[in-house]
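Engineer: Protein sequences appear in the order of chains A and B.
Position one of the first sequence corresponds to residue -8 (our numbering), numbered consecutively onward.
Position one of the second sequence corresponds to residue -18 (our numbering), numbered consecutively onward.
Worth flagging that the hints you see were computed from the coordinates, not collected in a lab.
C-beta atoms are modelled at their ideal positions from N, C-alpha and C, and glycine is treated no differently.
Watch out, some of these pointers could steer you wrong.
What the hints assert, rightly or not - Each computed DSBU-like pair below joins lysine-lysine, with the alpha-carbon atoms no more than 35 Å apart:
1. B:240 - B:-10
2. A:88 - A:234
3. B:240 - B:217
4. B:-10 - B:130
5. A:40 - A:261
6. A:88 - B:217
7. B:217 - B:22
8. B:217 - A:234
9. A:88 - B:240
10. B:240 - B:220
11. B:22 - B:-10
12. A:234 - B:220
13. B:220 - A:88
14. B:130 - B:240
15. A:40 - A:234
Unchecked claim - Simulated restraints, written as ranges between beta carbons of each label pair:
16. A:61 - B:106: 52 to 58 Å
17. A:243 - B:105: 31 to 37 Å
18. A:256 - B:-12: 55 to 61 Å
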Amino acid sequence: MRNLFRRALPLVSGEAAQEAAPELWVRCGRCREMLYAREWEAAHRVCAKCGFHARLTVADRVALLLDGGSWQELDGSLRATDPLGFAPPGRQSYAEKLATESRDSGQNEAAAYGRGSVDGIPVALAVLDMGYFAGTLGAVVGEKVARAFELGVAERRAVIVVSASGGARQQEGVVALLQMAKLAAAAQALAAARVPFVSVLTDPTLGGVTASFATLGDCIIAEPGAVIGFAGPRIIEQTTGEKLPPGAQTAEFQLTHGMVDLVIARRDQKAAIARVIRLLMGGTALQASAAARDHLTAATNGATTMQPVPALQGFR
Amino acid sequence: MTVLLDFEKPVGDLRTRLDEVERAYATEPTSDLERQRASLKADLAARTQAIYRSLTPWQTVQVARHPHRPQTLDYAIGMCTEFVEFHGDRAFGDDRAIIGGPARINGRAVMIVGQQRGRETRERLERNFGSPHPEGYRKAHRLFQMAAKFGLPVVTMMDTPGASPGLADEERGQGWALAANLATLATLPVPIVCVVVGEGNSGGALAIGVGDRFLMLEHAIFSVASPEAAASIVWKDSKHAPQAADALKLTAPDLLRLKLIDRIVPEPVGGAHGDPSGMITNLRTALSDELDQLVAVPAADLVAARYAKYRRIGAWFDQGGTPS
Chain A
-8 MRNLFRRALP LVSGEAAQEA APELWVRCGR CREMLYAREW EAAHRVCAKC
42 GFHARLTVAD RVALLLDGGS WQELDGSLRA TDPLGFAPPG RQSYAEKLAT
92 ESRDSGQNEA AAYGRGSVDG IPVALAVLDM GYFAGTLGAV VGEKVARAFE
142 LGVAERRAVI VVSASGGARQ QEGVVALLQM AKLAAAAQAL AAARVPFVSV
192 LTDPTLGGVT ASFATLGDCI IAEPGAVIGF AGPRIIEQTT GEKLPPGAQT
242 AEFQLTHGMV DLVIARRDQK AAIARVIRLL MGGTALQASA AARDHLTAAT
292 NGATTMQPVP ALQGFR
Chain B
-18 MTVLLDFEKP VGDLRTRLDE VERAYATEPT SDLERQRASL KADLAARTQA
32 IYRSLTPWQT VQVARHPHRP QTLDYAIGMC TEFVEFHGDR AFGDDRAIIG
82 GPARINGRAV MIVGQQRGRE TRERLERNFG SPHPEGYRKA HRLFQMAAKF
132 GLPVVTMMDT PGASPGLADE ERGQGWALAA NLATLATLPV PIVCVVVGEG
182 NSGGALAIGV GDRFLMLEHA IFSVASPEAA ASIVWKDSKH APQAADALKL
232 TAPDLLRLKL IDRIVPEPVG GAHGDPSGMI TNLRTALSDE LDQLVAVPAA
282 DLVAARYAKY RRIGAWFDQG GTPS
């Protein structure tokens, strides 16, 4: 599945250019136009010619959406365990794969969350990262996104989750599958507290992420051209023999099918999100939510019994 | 017609011999034939028990998919004194891969929802092999809400290779339909008991499988993806499904050990397909027991406990960096 999620860019112009000044030019992952790297970065990795939105890191996403200096990452030290002892014959064990992913990406998990502000509005932000393990949903990603929702409830912060994921992490089996239920429940707790949830779908958002929290937003914003769906294009073609028409499962396809509220280019996302949150928080619900808070307090009492488990062998 | 799985062959031979002896005994009941019959019967029971006690995960997958295994409708009809099947999602159509409606188990009115794979080719096609479309999940959603409205406990039965992955399903928002069910079940103010009766794969199973108690029949499987799909992700080749079945820990005993399910419902010796009515009795007993306990709990406590149960799933460790 990884080949579907090949890191799109940057590709360097050619060997000669690479030798001369590797960081000066990048090639657009869609139209192949040569772009001046500094301008491309300043445009948040959007191609000036064709508008292609290349993938962003968590840091890029934070810079794009949050007010400068407002980001405070939480629980960045959570690490995956190997709940199944997943060691398939002839393939990398899960423990080895985690180590490889960390080495290749420089990241330690496929999501980060924390506090920040958007145009002065306090928010809880969680960002999934395609660069680590194809953004797959496992226990740590599930835990971080769940805590983002709970932070939203506890501090009455609007919650923004930016998704980019190949789906559930197979190597965690049913533990990964049940993160979908855990996150749907956490999103419901936020809904009960009447705090807005803005879900941003980026390329690609698939499988268990689409089938859980990512599509439960009060407002769902998709990035232009992003592939968004339940079954990925390859699965659909393999299973049904259907050849997908051009443009199937893009953000624009989902807009015309009534599945997302807005398709918004990167440069306009921050302003749009701020406006939506301000409007949704402008009603009277926020004053009337003591009951909702009590509901969550009761609901989360059991959660505090969760204990961190000791590190498992091999990949500390 | 008897369908024999590969690993059942030794039992099949014994059964053929027993049938021969039974026939001979019927025409001429000698004491020698009676002795032979008794010894063959004992042998057959012992062999069957031995085989089924040590099934490999991949063999369990075969049993879970056995064509003669009882399906949701068999349980709905067999366990319940009354069952009215309701149809349609009130928006698009009636998906026959999901069935449901109000029913009565041991005198108690409940709402039943489950996947139905079908048996003969024609029925299997009509039911899309138990892979529901979005309208199926939306029918389930309608029934869940109706259960809440009338205070009926919900019983769900999972038996699906996964949610249908076609272009039409994508156009109608398969992911959205699944997510809506997860969210609704998470806070539904009535008791919910979920049972995997056959194969319970991926979000397609989970979308009717969130509740207060999660049961599996002894030889059912529950997995993040079908072994074939997981193999094509991990090995890039679905032929490694047997190894994937091993690695995924998808059997009931493994999942109970990992504390990811609540209870195993025992199957008759030789599997549910060998004795459907025995299986139906076992499941009715287990469900009645679970429902008796859950209906005593106030709805608010039920929903809070359900939240806590799912909230604590997932092991991680803190490398001790940022305090929060």
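Engineer: Now tell me if each hint is right for this structure.
Structural biologist: Against the structure, the hints:
1. A threshold of 35 Å between alpha carbons decides the hint, and for residue 240 (chain B) with residue -10 (chain B) the separation of about 34 Å falls inside it, so the pair holds.
2. Among the hinted pairs, residue 88 (chain A) with residue 234 (chain A) is consistent with the structure: their alpha-carbon atoms are about 32 Å apart, no more than 35 Å.
3. Distance check on the hinted pair: residue 240 (chain B) and residue 217 (chain B) sit about 30 Å apart at the alpha-carbon level, within 35 Å; holds.
4. Annotation: proposed proximity of residue -10 (chain B) to residue 130 (chain B) is violated, straight-line Cα distance about 51 Å (limit 35 Å).
5. Proposed proximity of residue 40 (chain A) and residue 261 (chain A) is supported: the alpha carbons are some 22 Å apart, at most 35 Å.
6. Restraint check for residue 88 (chain A) and residue 217 (chain B): satisfied, since their Cα atoms lie roughly 15 Å apart, inside the 35 Å limit.
7. Between residue 217 (chain B) and residue 22 (chain B) the alpha-carbon distance is near 46 Å, which puts this suggested pair outside the 35 Å criterion.
8. Annotation: proposed proximity of residue 217 (chain B) to residue 234 (chain A) holds, straight-line Cα distance about 20 Å (limit 35 Å).
9. Between residue 88 (chain A) and residue 240 (chain B) the CA atoms are separated by roughly 25 Å; this keeps the pair inside 35 Å, and the hint holds.
10. A threshold of 35 Å between alpha carbons decides the hint, and for residue 240 (chain B) with residue 220 (chain B) the separation of about 30 Å falls inside it, so the pair holds.
11. For a cut-off of 35 Å, the pair hint linking residue 22 (chain B) to residue -10 (chain B) stands: about 16 Å separates their Cα positions.
12. Pair hint residue 234 (chain A) plus residue 220 (chain B) holds up; C-alpha atoms about 23 Å apart against a cutoff of 35 Å.
13. For the suggested pair residue 220 (chain B) and residue 88 (chain A), the alpha carbons sit about 21 Å apart, so the restraint of at most 35 Å is met.
14. Restraint check for residue 130 (chain B) and residue 240 (chain B): satisfied, since their Cα atoms lie roughly 32 Å apart, inside the 35 Å limit.
15. Between residue 40 (chain A) and residue 234 (chain A), the direct Cα distance comes to roughly 29 Å. Compliance with the 35 Å bound is thereby established for this hinted pair.
16. The hinted window of 52 to 58 Å between residue 61 (chain A) and residue 106 (chain B) holds, with their beta carbons roughly 56 Å apart.
17. Look at residue 243 (chain A) against residue 105 (chain B): about 36 Å separates their beta carbons, and that is inside 31 to 37 Å.
18. Between residue 256 (chain A) and residue -12 (chain B) the Cβ separation comes to about 58 Å, which falls inside the hinted range of 55 to 61 Å.
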